[in-house]
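Peer 1: Sequence order for the protein chains is P and Y. Residues in the first sequence are numbered from 1 upward in steps of one, following our numbering. Residues in the second sequence are numbered from 1001 upward in steps of one, following our numbering.
Treat the hints with care, as some may be off.
Stated by the list, open to error - Listed below are the simulated SDA-like cross-link pairs for lysine to any residue, each with C-alpha atoms no more than 20 angstroms apart in a straight line:
no.	chain 1	residue 1	chain 2	residue 2
1	Y	Lys1054	P	Ala253
2	Y	Lys1048	P	Ser291
3	P	Lys143	P	Ala176
4	Y	Lys1236	Y	Ala1226
Honestly, the hints are just simulated from the structure, not real lab data.
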Amino acid sequence: MHVAALRDEVSVGPRTVRATQAGALVKLLTCGSVDDGKSTLIGRLLWDAAGVTDDQRAAVALASQNRAVNGEKIDFSLLLDGLQAEREQGITIDIAWRYFETPGRRFIIIDSPGHEQYTRNMATGASHADIAILLVDARHGAKRQTRRHAAICDLVGIKKVVLAVNKMDAVGWSEARYRDIERDFLAMAGSFNFAQVMTIPVAALTGDNVVYRSTAMPWYAGPTLLDYLEAVDPVAELVDAPFRLPVQLVLRAAGDFRGYAGTVTSGRIKVGDRIVDARSGLGATLRRIASMDGDMPVASKGDAVTLVLDTDLDISRGAVLSETARRPVNADVIEARLVWLSETPFDPEAGYLLRTATDLTPVTSMSVSALVDFETLASTPAHACGVNDIADCRVLLGRATAIDLFRDLPGTGNFVLVSAIDGATVAGGVITWAQAGAPAVGDNVLVLNRALLARGVCADLGDSPADEAEFNRRAQEVAVLLRSAGVPVLIEL
Amino acid sequence: MTALTSHLKLLEAESIHIFREAAAQFRAPVLLYSVGKDSTVLLHLARKTFWPAKPPFPLLHVDTTWKFPEMIAFRDRTARDFGLDLIVHTNHDGLARNINPFDHPPSVYTDVMKTVALRQALDTGGFDAAFGGARRDEEGSRAKERVFSFRSAGHRWEPRRQRPEMWQLLNGRLGKGETVRVFPLSNWTEGDVWRYIQLEKLDVVPLYFAAERPVVSRNGQLLVVADERMRFEPGKRPVLRKVRFRTLGCWPLTAAIESDADDIESVVEETLAARVSERAGRLIDHDTAGAMEMKKREGYF
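Chain P on its own, in the form it takes in the complex:
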């Protein structure tokens, strides 16, 4: 029997939910600080949209009585109480995953901390999301942290953003106030690469426009938050994106079976298509898409498949199978924007490895060129970066690896940086520029070394620490100017 045939109406919470075939999976980031009412908003969403069971309801109702917060009957933020116990142990700065479903959809809420000192946790959570809900307090409007949250969402590739203007009850349900905030936010959002930006006036405490339409704001004709979430298309897929499959494993089995196992990160492939290994340039024709449930004719983005080719390419994990026309770059040098995750700051002398889709490539050298300022979104020349910093950097690889630019193909354009010493994940980043072929001095890469700078730009500087800092600052500035003029630069001081 198919679950679609399940048709009984079951009462789950205040809302009657039809237990039927669940729809697509939507991964939802929620960010904002506790003061903005984030816990209350998530709690309200779970409570009204059926993500809460009776024993949890009873526990929350009891705890609410004890606390009598806001003179209200129920404190919805207590639904996240399992996490509050951990707060005392100091780990609520971490991301929490919550799940609920409505008749149309299955949702994953990635609840991430909003404070600046937890930027790395927010970036980590955001990297898994399709859609972000940014929360602001209607009394305060978009704050500096709203811009920071939007910038992080943009960095990790989120294409759809909802601004939930919360606590509308506290501003007398004022349309004028809401429109001001909306206007400011839309102006700000224009500087990012979002495909869709939405604003919704809500009051999490009373539930207005979260799941149920508000009667206090008749001037708002748009969807409630849940209406929006149930209707939005979570996929921001390019039409006719090029095929990519980073090879995870080569599977061998009886009868000379040899299959390339991996997840399609972009585009689609069908039996009979020509494909190429980006690194070696070797080509083959797709003969089978093999699976335990029977062969498939086509594989598309997101499918975890096993490809059987007509000729065996001598490739292994780390290879990227591609369509023949639009191939990845066989990069030896990349430039990237990254968020530094480790408590240990970047050290140009430390050994790092670049972990792309399925490849692990040694880093020959790496330099930071700038830090991103969240206030202005401008880059400030820098050569160091530490935890929670967003930095632009340049990485020389020990050997070529097949990658794409993140803005074109996120699945083959992202990476994490791994410490060669203890294996820790120290940074996560997106590739903004890549070049095939090793950069050679005198080729097309300008090496800014000490002698070159000391001759003129830094001729007035001595050996004091202050002068040394100034020397570095000027070196970075020169590099930034040259790069903006299209000249690849390496700083070797």
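We have chain P already, so just place chain Y on it with the hints.
Peer 2: Same frame as chain P, now just chain Y:
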């Protein structure tokens, strides 16, 4: 082709991706097979992942000696039918000390017969990665778990030192003495597991389906009497009631629920309509505040 709904298809693909990343990056993985519904789904996904080859790792069952006989029979049949290696480990030291769920508090019993036993088995086998069927929707501390959950030497979980995981990238590079628990079902819910079992027509232990079973009531929970080791409270005798299990563990510590759901359709229906959270029937979770987090720190999966 199977008729998976779109969100289950996405979850399945995500799980297969995780299995493959782990198989590629770790030297000696093992699959923790606890015989329950989550293990059933986990094993099915492992078979799909590596098909037409067999999963390149053995199954490990930590047998506390307090499992239902139906579970043991199902376990042995599963390993045989799929031609997989099965390692069964019991903490014989704990057994010799007669550590049992009646004379010892759940925390002590669980630590000795499950957590310590698991550590022994992993160390003996030299495994550097263990697949587990844990889901983030089960419990508060699990809501914060990583897909690759790193354990320091001695299998300790340090919540503050978890590795960040970004996008689909899973970094399995181990530091000295570290091992990993891998959770391919991280983003599945109880409802997903049951719908998947239904759609893929998977065989599960019959205890999940309602039947007349000998039951005693204790602290408001229904215990099914599995064998003669049961300790009855004065004046209490088992009565036959139609019950089933939402979650399976050691029989003296796992409560049954009254139900008429005796086939997969009605179990799915009942699960999706459930008004009480799944682990409410797990007595070990309520022993002390933050019980699960404590167990995980000690090396429980």
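Peer 1: Does each hint fit the structure? Answer for all of them.
Peer 2: Verification of the hints:
no.: 1; hint: Lys1054/Y / Ala253/P; verdict: holds (8 angstroms)
no.: 2; hint: Lys1048/Y / Ser291/P; verdict: holds (7 angstroms)
no.: 3; hint: Lys143/P / Ala176/P; verdict: holds (18 angstroms)
no.: 4; hint: Lys1236/Y / Ala1226/Y; verdict: holds (16 angstroms)
Violation of the numbered hints given earlier is absent; every hint is satisfied by the structure.
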